[in-house]
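With the UniProt record's numbering applied, the sequence shown corresponds to residues 1 to 519, in that order.
Keep in mind that the hints were calculated from the coordinates and are not lab data.
Straight-line distance between alpha carbons at most 30 Å, and here's what the computed DSS-like set of lysine-lysine pairs gives:
hint	residue 1	residue 2
1	K444	K484
2	K128	K484
3	K177	K128
Just the calculated beta-carbon pair ranges, DEER-fashion:
hint	residue 1	residue 2	range
4	P20	T379	37 to 43 Å
5	R509	K444	38 to 44 Å
6	I42	P506	51 to 57 Å
7	F355	Q27	56 to 62 Å
Predicted, not measured: the structure shown is a model, and the values here were computed from it. The C-beta atom is built at its ideal place from N, Cα and C for all residues, glycine as well.
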Amino acid sequence: MEILDLPTELIVRICLQLDPPDLLSCQLTSKILQDIIQRSVIIQYHCALNAVSADDNPNCSLSLSERLALLRRGSEAWKTLEPNFIQTIPVAHDPSGIYDLTGGIYLLGNYARLELHYVQLPSSPEEKNVWRTINVDRRVIDMGLSVYEHDLLVVVTTSLIFGTTPETYQICLVFFKFSTGEPHPLAREPRISVTTSLFERPAVGIEIVGENLVLILAHYNNPSRPDDRVFIYEWKTGRLKMSLVAQYHTYSGLIFLSESVVLFPNTQNGTLEFWEIPSSPGSVTPLCPRCVISLPQLVPGEMISSISCRGEPNPMGGNRSTRPFHPSANDAIVIFNMRVQPRVGMQHHLAMMQFGHTFTFLIHRSSLFKLFRAAPSTTVPWHQWGPNISRWLPADGLPTRWITTTSGQRCVSIMEDAPSSPSQYYLFDFNPHSVRVAQMEGAKAYMTEEDRRMVCTSSTTIDPAFAFAEEVSSRLPYVVTESKGHYAFDGVLLDEERILGIYTDPLDRIRAVEVHYFG
Numbered sequence: 001m002e003i004l005d006l007p008t009e010l011i012v013r014i015c016l017q018l019d020p021p022d023l024l025s026c027q028l029t030s031k032i033l034q035d036i037i038q039r040s041v042i043i044q045y046h047c048a049l050n051a052v053s054a055d056d057n058p059n060c061s062l063s064l065s066e067r068l069a070l071l072r073r074g075s076e077a078w079k080t081l082e083p084n085f086i087q088t089i090p091v092a093h094d095p096s097g098i099y100d101l102t103g104g105i106y107l108l109g110n111y112a113r114l115e116l117h118y119v120q121l122p123s124s125p126e127e128k129n130v131w132r133t134i135n136v137d138r139r140v141i142d143m144g145l146s147v148y149e150h151d152l153l154v155v156v157t158t159s160l161i162f163g164t165t166p167e168t169y170q171i172c173l174v175f176f177k178f179s180t181g182e183p184h185p186l187a188r189e190p191r192i193s194v195t196t197s198l199f200e201r202p203a204v205g206i207e208i209v210g211e212n213l214v215l216i217l218a219h220y221n222n223p224s225r226p227d228d229r230v231f232i233y234e235w236k237t238g239r240l241k242m243s244l245v246a247q248y249h250t251y252s253g254l255i256f257l258s259e260s261v262v263l264f265p266n267t268q269n270g271t272l273e274f275w276e277i278p279s280s281p282g283s284v285t286p287l288c289p290r291c292v293i294s295l296p297q298l299v300p301g302e303m304i305s306s307i308s309c310r311g312e313p314n315p316m317g318g319n320r321s322t323r324p325f326h327p328s329a330n331d332a333i334v335i336f337n338m339r340v341q342p343r344v345g346m347q348h349h350l351a352m353m354q355f356g357h358t359f360t361f362l363i364h365r366s367s368l369f370k371l372f373r374a375a376p377s378t379t380v381p382w383h384q385w386g387p388n389i390s391r392w393l394p395a396d397g398l399p400t401r402w403i404t405t406t407s408g409q410r411c412v413s414i415m416e417d418a419p420s421s422p423s424q425y426y427l428f429d430f431n432p433h434s435v436r437v438a439q440m441e442g443a444k445a446y447m448t449e450e451d452r453r454m455v456c457t458s459s460t461t462i463d464p465a466f467a468f469a470e471e472v473s474s475r476l477p478y479v480v481t482e483s484k485g486h487y488a489f490d491g492v493l494l495d496e497e498r499i500l501g502i503y504t505d506p507l508d509r510i511r512a513v514e515v516h517y518f519g
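My request is simple: use the sequences and hints to build the entire structure.
Given below as structure tokens:
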């Protein structure tokens, strides 16, 4: 029996096991196979998901035809960077520096630090934008969201312990069901006391994936130079699985590579550390990272003053969303914003800010996870692992205040002087399929009046004279597209469906968000 003798339904199921290049080869071998593949909605949807590195969401009630139409329409809008609609959302309250953008939610803190305000971002021009409020009974330092996986909001709070000398503060985690603002029903302890501190407001890094919650407490520019602390909880039971104490100015951010593997940039050593999370609170706690890779060496007298990072979406064990598809977490790009400054005393902080330089580098989460799985026993120098799988960009003149600028394999940016000199925004796409399509369509290595795209597949080098002691070359391919319009945004953010333009007032408070919806 030959394959064409099988029922069409079985042929379709066999085809679904093939990658798109193999499906193309099949179409070249037989007119019958070509007709089956091109007429099958499920095969076309499979190919379209593969092209944009997205995962289907079985919770969605839409038909396959509707999902495919949405995916194709959104892909075309992102490719041309032409939004389906634009909508402005005013911000009426006085926001603090707390913010997040995930799961279709834009969240801002409140200046009084006792409330969190959020808005469900629109997916159609008819949707009304209503700000909602979650009240917290203690001062808010920061928060973490896991909307799609757990409907979870975790708030990090601080409160003075009365009668203590010197004054001491209690740092706690409070667990809310995000959709209701009530205590989360899966959290055995609605509030966890994490630690005490002599300082009211540590800087916070927090992410939740699966059963694990990772919390970093650090203190920037603190003359007392307190240690950095890392806590890893099984959030549903409230049990501590692992904790770390590190030298001041070591840790600030983290990236989940999987539910049990987390990456910490080490500012002191100029490295990326890969740690394994114990499987349960009673398991043996690792005393050191599983493996370590180095960032490019700096010239004498320079130091890394900060590294912020983010990879959106996080790996997830489940999904409560009703959206038909989501970017693949494994294929997502991870962004690192790194500030390099002169190694001088803290009293020269303003001079450091003036003479420092900022760099952005991007790597696929899957590439980082492959490095972890190789698990080298010694620290891997930059030149052995970095140039082929990363892309470094100079970021002086770009607003890096907001790290929520990536989603899936896309990244958005705008010039820092856009408020005074309106600028296009730029969308970088690191999807290999997007690069191949742009090359096939004749995109150049530079932009033209006819084509607002350019493709970069060659190696580029960061000037090492002022920062790095070794060549920092990188060659991760990408396509970049500039917007048609010019905008006076103070910054731009990105989620899987939208670009958000941020407007601030003279006091640097966010006053409006302009939503550019692509799908």
